[in-house]
Amino acid sequence: MEPSMEYCLAQVLQKDVGKRLQVGQELIDYFSDKQKSADLEHDQTMLDKMVDGLATSWVNSSNYKVRSAWGKAIRV
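Position one of the sequence shown corresponds to residue 3 (the working numbering), numbered consecutively onward.
Hints listed in this document are in silico derivations from the structure and should not be mistaken for laboratory results.
A couple of the hints might just be wrong.
Derived DSBU-like pairs (lysine-lysine); straight-line CA-CA distance at most 30 Å [unchecked claim]:
1. LYS17 <-> LYS36
2. LYS51 <-> LYS38
3. LYS21 <-> LYS36
4. LYS38 <-> LYS17
5. LYS21 <-> LYS38
6. LYS51 <-> LYS17
7. LYS36 <-> LYS51
8. LYS21 <-> LYS51
Kindly generate the complete structure, drawing on both the sequences and the hints.
Shown next as structure tokens:
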């Protein structure tokens, strides 16, 4: 199953640190593939929610690995 924008947003907004760590590489792959993430360009509201979720939940995390995954995802 190819990840969708809705799936990725749900993964970003979850509170479980373990699951956030697992999904980090999925998000990087999704953002890196222009065909998979083309829908982000067409839905500014969803993109705003995704960035806001990454910034507030992941950057402010006390878990170093989660913050590191955010840094990798945002560079893509």
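Verification of the hints:
no., hint, in the structure
1, LYS17 <-> LYS36, "holds (27 Å)"
2, LYS51 <-> LYS38, "holds (18 Å)"
3, LYS21 <-> LYS36, "holds (24 Å)"
4, LYS38 <-> LYS17, "holds (25 Å)"
5, LYS21 <-> LYS38, "holds (21 Å)"
6, LYS51 <-> LYS17, "holds (15 Å)"
7, LYS36 <-> LYS51, "holds (19 Å)"
8, LYS21 <-> LYS51, "holds (19 Å)"
Consistency with the previously given hints is maintained throughout, with no hint failing.
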